[in-house]
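From first to last, the protein sequence lines stand for chains E and U. Those letters in the first sequence? Residues 1 to 212, by this note's numbering. Those letters in the second sequence? Residues 1 to 212, by this note's numbering.
Don't take each hint at face value.
The list makes no distinction among identical chains, and a pair is therefore deemed to hold if it is satisfied within one copy or across any two copies.
Below, in silico cross-link-like pairs of lysine-lysine (DSBU-like), each with a Cα-Cα straight-line distance of 35 Å or less [claimed, not checked]:
| no. | residue 1 | residue 2 |
| --- | --- | --- |
| 1 | 182 | 124 |
| 2 | 124 | 25 |
| 3 | 155 | 25 |
| 4 | 82 | 155 |
| 5 | 167 | 182 |
| 6 | 182 | 76 |
| 7 | 167 | 76 |
| 8 | 182 | 25 |
Rather than coming from a laboratory, the hints here were simulated on the basis of the structure.
Number of protein chains: 2
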Amino acid sequence: MEEREISQAVITRLPRYFRYLGLLKADGVERISSRELSRIMNVTASQIRQDFNNFGGFGQQGYGYNVEYLYEEIGKILGLDKQHHLIVLGAGNLGSALIKYMMFKNRGFLFEGAFDTDPSLQGKEIGGIRVYPPEELENFVREHEIDIAVLTIPKEEAQGAADRLVKTGIKAIWNFAHVDLKVPPQVQVESVHLQDSLLKLSYNIHRYEREN
Amino acid sequence: MEEREISQAVITRLPRYFRYLGLLKADGVERISSRELSRIMNVTASQIRQDFNNFGGFGQQGYGYNVEYLYEEIGKILGLDKQHHLIVLGAGNLGSALIKYMMFKNRGFLFEGAFDTDPSLQGKEIGGIRVYPPEELENFVREHEIDIAVLTIPKEEAQGAADRLVKTGIKAIWNFAHVDLKVPPQVQVESVHLQDSLLKLSYNIHRYEREN
Numbered sequence: 001m002e003e004r005e006i007s008q009a010v011i012t013r014l015p016r017y018f019r020y021l022g023l024l025k026a027d028g029v030e031r032i033s034s035r036e037l038s039r040i041m042n043v044t045a046s047q048i049r050q051d052f053n054n055f056g057g058f059g060q061q062g063y064g065y066n067v068e069y070l071y072e073e074i075g076k077i078l079g080l081d082k083q084h085h086l087i088v089l090g091a092g093n094l095g096s097a098l099i100k101y102m103m104f105k106n107r108g109f110l111f112e113g114a115f116d117t118d119p120s121l122q123g124k125e126i127g128g129i130r131v132y133p134p135e136e137l138e139n140f141v142r143e144h145e146i147d148i149a150v151l152t153i154p155k156e157e158a159q160g161a162a163d164r165l166v167k168t169g170i171k172a173i174w175n176f177a178h179v180d181l182k183v184p185p186q187v188q189v190e191s192v193h194l195q196d197s198l199l200k201l202s203y204n205i206h207r208y209e210r211e212n
Numbered sequence: 001m002e003e004r005e006i007s008q009a010v011i012t013r014l015p016r017y018f019r020y021l022g023l024l025k026a027d028g029v030e031r032i033s034s035r036e037l038s039r040i041m042n043v044t045a046s047q048i049r050q051d052f053n054n055f056g057g058f059g060q061q062g063y064g065y066n067v068e069y070l071y072e073e074i075g076k077i078l079g080l081d082k083q084h085h086l087i088v089l090g091a092g093n094l095g096s097a098l099i100k101y102m103m104f105k106n107r108g109f110l111f112e113g114a115f116d117t118d119p120s121l122q123g124k125e126i127g128g129i130r131v132y133p134p135e136e137l138e139n140f141v142r143e144h145e146i147d148i149a150v151l152t153i154p155k156e157e158a159q160g161a162a163d164r165l166v167k168t169g170i171k172a173i174w175n176f177a178h179v180d181l182k183v184p185p186q187v188q189v190e191s192v193h194l195q196d197s198l199l200k201l202s203y204n205i206h207r208y209e210r211e212n
């Protein structure tokens, strides 16, 4: 299967398909047509078929997709049949909240440690995860085979931390710092820019008010 | 100025322009060409000109854009010349982290109260913000002229909470619950689906590994 040409737009939609299929599965639905899936997800049926064709189509027959099979297959494509080992850089409020967000554990995302420059946090535990001083970062990543580093540190420190992580051979950075990171192509980055998201909401409020 | 046709894609890019202009401003840069802005933001110069033309172009002359002016104008377009009053539904880890995320206050986003079904949290304060029981939601929204509700409650409770908020006349919902909300067109919704974001990262890790 050649995946090179699959756009990030399709990939962005995959977790949403996975989420809806999970809901259908929980509701005991066994089969669903692209038309019915289209209705509940509010996208066109042709978009769904086109997206799924990137992965071989998942064999829809006259009577629709098998929900359980489709859920499992998309889960595998998303890498959910594997375990991921995570660390969090920045054990402040946001870092702590992400560690405690239990649902990630059920999906094979295992938090192994946290790092913080604040000595008063070092040695403590957050949701059962120990906080270490930054000096121990490199050894920890190698010893615990960490795949993913979550950055919840101030933007001024984020690029420097990313550079250190890249050198350890980390595979991915989940970035919550308010800055775009520069990393080599073998390191995957996904940024959650909370302020950008809130500003977009603010824009849409005021646009609606101007127009109505 | 007719803004109706501006796509959500352009709007999604606006906060990022604002962020880079803020950095340039802080660095004391007074003027910048679309070409130079293109280089540091890693988008094409024609994309930048096209995006800015949606808002009248901001009058680039031969010698580039005035950074301070552009920063202020985009800030106004994003509604940052106004104050916003927020509540948080769900005073757990994520809700608390968002309340304590101080930078939002500097931009005129004022948290006024939090709500939680847990009686042991009610009456307490998080980052100076009081936690109220859900029964007081409707009165509180009206009395404090709340614009934006932040949802950090379980997905099972999110649509019910959104329905109550819609009836109070709220303008916008910033949704962190792991579900897509259905609201009427006068209510703006921006969702931050953390799990979707992590799954996208996981996909990109495994795609890279398969291909290399």
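Item checked: Numbers of the earlier hints that this structure fails to satisfy, in rising order -> Hint 2 alone not satisfied by this model.
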